[in-house]
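Trainee: Take a look at the letters that make up each chain.
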Amino acid sequence: MVDQPEMLSPLHDLAMPRAASDTAGVELGERLCASLVQVQAWPNTVGRVEKALSTLKGEITIMPSGPGRWLIEDESEGLEDRLRKKIPSAVGAVTGLTHGRVVISISGRKSEWVLASGIAIDFSTDAFPVGETRLTHHHEIGLTVHRTGETSFDLYVFTSFSRAFWQWIERAGEEVGYSVT
Amino acid sequence: MRLTCPYCGERDHQEFTYRGDASARRPSLDSQSIDEHNAYVFDRANPDGIHHELWNHTSGCRTHVVVARNTVTHEIISCDPVGPFAKVMK
Ligand SMILES: [Zn+2]
Chain A
1 MVDQPEMLSP
11 LHDLAMPRAA
21 SDTAGVELGE
31 RLCASLVQVQ
41 AWPNTVGRVE
51 KALSTLKGEI
61 TIMPSGPGRW
71 LIEDESEGLE
81 DRLRKKIPSA
91 VGAVTGLTHG
101 RVVISISGRK
111 SEWVLASGIA
121 IDFSTDAFPV
131 GETRLTHHHE
141 IGLTVHRTGE
151 TSFDLYVFTS
161 FSRAFWQWIE
171 RAGEEVGYSV
181 T
Chain B
1 MRLTCPYCGE
11 RDHQEFTYRG
21 DASARRPSLD
31 SQSIDEHNAY
41 VFDRANPDGI
51 HHELWNHTSG
61 CRTHVVVARN
71 TVTHEIISCD
81 PVGPFAKVMK
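Sequences listed follow chains A and B, in order. Just so you know, we're using the numbering used here here: the first sequence kicks off at 1 and counts up by one. Just so you know, we're using the numbering used here here: the second sequence kicks off at 1 and counts up by one.
Do not rely on the hints blindly, as some may be mistaken.
Said to hold, decoys possible - Cross-link-like lysine to any residue pairs, in silico, SDA-like; alpha carbons within 25 Å at most:
no., chain 1, residue 1, chain 2, residue 2
1, A, Lys51, B, Pro84
2, A, Lys51, A, Glu80
3, B, Lys87, A, Thr136
4, B, Lys87, A, Arg48
5, B, Lys87, A, Ser54
6, A, Lys51, B, Asp12
7, A, Lys86, B, Met89
8, B, Lys87, A, Trp42
9, A, Lys51, B, Cys8
10, B, Lys87, A, Gly118
11, B, Lys87, B, Thr73
12, B, Lys87, A, Thr45
13, A, Lys51, B, Leu54
14, B, Lys87, A, Glu80
15, A, Lys110, B, Ala86
16, B, Lys87, B, Pro6
17, B, Lys87, A, Lys110
Everything labelled a hint here was simulated from the structure, so no lab data went into it.
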């Protein structure tokens, strides 16, 4: 068997860990997904896909991303193959996005403030509770935001736009101070 | 202007793409009438008042919605999903 080549970060040395120059209002980080898969049901198979997803085991995050559509992350590899077995094409479409997205994480007391400086959705916990997902955009480029805690978010960014997005979020974080983990 | 997507909630209109007059009806495919096709492509009522228009939530859930908008006051009266997934959302 041929070894899978190691996944390389599209951010390269941009996201090297470093301490904040002053007190950090936010911490930034980068994560590559072991598995990231989109599942789209047909209009008459939404219930069947929901049922198939409810049987998934492991460290799974299921993010609703449209009517009958979900974005699913697994902390181990091979989710796409497992989903294809559970969801044949008569039931839904399974699309592997593992190499298509980079997760940029932001946490810290000023996370909402920094994100709101470029992303026009309501980040208050009333409007955007912990565990929920929002599909939106940043300067017209699509973006999926997953709230992982009161003051922490995972941003699923297109791989090819991740360097530009990282540069923006660093500039936005300068106002409150940032560190990179 | 903000539109309330039936899936995503209230969002800035920049997340949406305008897809035209929702009241325009395409002539049947076997229609040979040039006038009917011409009217479908070019003739618009341009009302001062309530206008029904199609918008797609391109930067969100990608649902098509029919927006009833007052062209004088810009009041949004309703945003209803259309298409095969519309009943999944209600
Ligand atoms: Zn939407």
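Trainee: If a hint holds in the structure, say so; if it does not, say that too.
Mentor: Outcome of the hint check:
1. For the hint linking A:Lys51 to B:Pro84, the alpha-carbon distance of about 20 Å falls within 25 Å, and the restraint holds.
2. Of the pairs offered as hints, the one joining A:Lys51 and A:Glu80 holds, with about 17 Å between alpha carbons and a cut-off of 25 Å not exceeded.
3. With a CA separation close to 23 Å, the supplied pair B:Lys87 and A:Thr136 stays within the 25 Å bound.
4. The straight-line distance between the Cα atoms of B:Lys87 and A:Arg48 is roughly 16 Å, inside the 25 Å bound, and the hint therefore holds.
5. The straight-line distance between the Cα atoms of B:Lys87 and A:Ser54 is roughly 22 Å, inside the 25 Å bound, and the hint therefore holds.
6. Restraint check for A:Lys51 and B:Asp12: not satisfied, since their Cα atoms lie roughly 33 Å apart, outside the 25 Å limit.
7. A distance of roughly 24 Å separates the Cα atoms of A:Lys86 and B:Met89; the hinted pair therefore holds under the 25 Å criterion.
8. The hinted pair formed by B:Lys87 and A:Trp42 meets the criterion: a straight-line CA distance of about 12 Å does not exceed 25 Å.
9. Between the alpha carbons of A:Lys51 and B:Cys8 the distance comes to roughly 23 Å, so the proposed pair stays at or under 25 Å and holds.
10. At most 25 Å may separate the alpha-carbon atoms for a hinted pair to count; B:Lys87 and A:Gly118 exceed this at roughly 33 Å.
11. Of the supplied pair hints, the one linking B:Lys87 and B:Thr73 is violated, its CA atoms being roughly 30 Å apart against a limit of 25 Å.
12. A threshold of 25 Å between alpha carbons decides the hint, and for B:Lys87 with A:Thr45 the separation of about 13 Å falls inside it, so the pair holds.
13. For the suggested pair A:Lys51 and B:Leu54, the alpha carbons sit about 33 Å apart, so the restraint of at most 25 Å is broken.
14. At most 25 Å may separate the alpha-carbon atoms for a hinted pair to count; B:Lys87 and A:Glu80 exceed this at roughly 28 Å.
15. Simply put, A:Lys110 and B:Ala86 have alpha-carbon atoms about 38 Å apart, too far for the 25 Å limit, and the pair is violated.
16. With a C-alpha separation of about 11 Å, the suggested pair B:Lys87 and B:Pro6 falls inside the 25 Å cut-off, and the hint holds.
17. As the CA atoms of B:Lys87 and A:Lys110 are separated by approximately 39 Å, the hinted pair breaks the 25 Å bound.
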